[in-house]
Amino acid sequence: MIKIGITGGIGSGKSMVAALLEVWGIPVYIADTESKHLTATSPVIREKLITLFGKELYTADGLDKRRLASHIFGNPERLGQVNAIIHPEVNRHFLAWVERLNTPVCAIESAILFESGFNRIVDTTLMVYAPMEIRIGRILERDSVSREEIIRRIESQLPDEMKKEKSDYVIFNDGEQALLPQITAFLAGLKIKNIDFQFYNKHKNKNIQ
Numbered sequence: 001m002i003k004i005g006i007t008g009g010i011g012s013g014k015s016m017v018a019a020l021l022e023v024w025g026i027p028v029y030i031a032d033t034e035s036k037h038l039t040a041t042s043p044v045i046r047e048k049l050i051t052l053f054g055k056e057l058y059t060a061d062g063l064d065k066r067r068l069a070s071h072i073f074g075n076p077e078r079l080g081q082v083n084a085i086i087h088p089e090v091n092r093h094f095l096a097w098v099e100r101l102n103t104p105v106c107a108i109e110s111a112i113l114f115e116s117g118f119n120r121i122v123d124t125t126l127m128v129y130a131p132m133e134i135r136i137g138r139i140l141e142r143d144s145v146s147r148e149e150i151i152r153r154i155e156s157q158l159p160d161e162m163k164k165e166k167s168d169y170v171i172f173n174d175g176e177q178a179l180l181p182q183i184t185a186f187l188a189g190l191k192i193k194n195i196d197f198q199f200y201n202k203h204k205n206k207n208i209q
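Quick note: the sequence shown, position 8, residue 8 per the working numbering, numbers continuous.
FYI, nobody ran anything at the bench for these hints, they're computed from the structure. Hints may contain errors.
As the list claims (entries may be wrong) - In silico DMTMM-like links for lysine to aspartate or glutamate, alpha-carbon gap of 20 Å or less:
1) Lys48 / Asp61
2) Lys164 / Glu148
3) Lys164 / Glu99
4) Lys48 / Glu77
5) Lys36 / Asp123
6) Lys3 / Glu22
7) Lys65 / Glu149
8) Lys3 / Glu149
9) Lys166 / Asp123
10) Lys55 / Asp32
11) Lys36 / Glu47
12) Lys65 / Glu34
13) Lys3 / Glu99
14) Lys48 / Glu22
15) Lys166 / Glu155
16) Lys191 / Glu176
17) Lys164 / Glu133
18) Lys164 / Glu176
19) Lys164 / Glu89
20) Lys48 / Glu89
21) Lys191 / Glu115
22) Lys166 / Glu89
23) Lys164 / Glu149
24) Lys3 / Glu115
25) Lys191 / Glu34
26) Lys3 / Glu47
27) Lys191 / Asp168
28) Lys191 / Asp174
29) Lys191 / Glu161
30) Lys36 / Asp64
31) Lys3 / Glu34
32) Lys3 / Glu89
33) Lys36 / Glu89
34) Lys65 / Glu22
35) Lys3 / Asp168
36) Lys36 / Glu148
37) Lys65 / Glu99
Sequences and hints are given; from them, build the entire structure.
What follows is the structure, given as structure tokens:
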């Protein structure tokens, strides 16, 4: 089975690309969603986080996300310790998920594909790129956050140029180049059997780009 790693900065449109891959019947593991779920429910993660921060981190209602955030905000060392606890569990969870599939290809979407080391468990990496101002505009429309907060989030991630250098393939989501032809070309290059690469031709008149 071919495993695709999808990445891109906040507001780049990587979730849209992941959703389009699912149209082809390609299962996509959303690492951010699964990471949050595992952090709240995994006994292994719970035990290690309590050892690190104390039992007050979990209440009767589960993980105290605000308390956890207060421990790691502005503290790279603590953030690294938390990531060292969570990322291996997400890694194992993803590989177990892959084992249950019966498809020729699957994907994992992660904004921190390279930072987390998830790139080492996939066969090829795909970056979704969009210019900074386009990303900021998308996030402003989507989230109730300030421009300054968006820039802070962007700057906390691996720079786009480094992502480009590390990625095997780059899709441009700048509003000028249609997504589907680029995704089709990427998948065709993988030579995956039983995937309909004519999807774009069938749907090109249905306002899907």
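So, going through the hints one by one against the coordinates:
1. Lys48 / Asp61: holds, 18 Å
2. Lys164 / Glu148: violated, 24 Å
3. Lys164 / Glu99: Roughly 29 Å separates the two Cα atoms, so the pair is violated.
4. Lys48 / Glu77: holds, 16 Å
5. Lys36 / Asp123: violated, 25 Å
6. Lys3 / Glu22: holds, 14 Å
7. Lys65 / Glu149: holds, 19 Å
8. Lys3 / Glu149: violated, 33 Å
9. Lys166 / Asp123: Satisfied, since the Cα-Cα distance of roughly 13 Å is no more than 20 Å.
10. Lys55 / Asp32: violated, 24 Å
11. Lys36 / Glu47: It holds: about 16 Å lies between the C-alpha atoms, which stays within 20 Å.
12. Lys65 / Glu34: Measuring from Cα to Cα gives roughly 15 Å; hence the hint holds.
13. Lys3 / Glu99: holds, 11 Å
14. Lys48 / Glu22: violated, 34 Å
15. Lys166 / Glu155: holds, 18 Å
16. Lys191 / Glu176: violated, 27 Å
17. Lys164 / Glu133: holds, 18 Å
18. Lys164 / Glu176: holds, 19 Å
19. Lys164 / Glu89: violated, 27 Å
20. Lys48 / Glu89: Answer holds: Lys48 to Glu89 is near 11 Å, not above 20 Å.
21. Lys191 / Glu115: violated, 28 Å
22. Lys166 / Glu89: violated, 24 Å
23. Lys164 / Glu149: Distance of about 24 Å is beyond 20 Å: violated.
24. Lys3 / Glu115: With a Cα-Cα distance of about 18 Å, the restraint between Lys3 and Glu115 holds, given a limit of 20 Å.
25. Lys191 / Glu34: violated, 29 Å
26. Lys3 / Glu47: violated, 31 Å
27. Lys191 / Asp168: Distance ~15 Å between Lys191 and Asp168 Cα, so the pair holds.
28. Lys191 / Asp174: With Cα atoms ~26 Å apart, Lys191 and Asp174 exceed 20 Å; violated.
29. Lys191 / Glu161: violated, 28 Å
30. Lys36 / Asp64: Between Lys36 and Asp64 the Cα gap is close to 12 Å, so the pair holds against 20 Å.
31. Lys3 / Glu34: Between Lys3 and Glu34 the Cα gap is close to 17 Å, so the pair holds against 20 Å.
32. Lys3 / Glu89: It holds: about 18 Å lies between the C-alpha atoms, which stays within 20 Å.
33. Lys36 / Glu89: Measuring from Cα to Cα gives roughly 11 Å; hence the hint holds.
34. Lys65 / Glu22: violated, 30 Å
35. Lys3 / Asp168: holds, 13 Å
36. Lys36 / Glu148: With a Cα-Cα distance of about 25 Å, the restraint between Lys36 and Glu148 is violated, given a limit of 20 Å.
37. Lys65 / Glu99: violated, 31 Å
The structure fails hints 2, 3, 5, 8, 10, 14, 16, 19, 21, 22, 23, 25, 26, 28, 29, 34, 36 and 37 (numbered hints given earlier, in ascending order).
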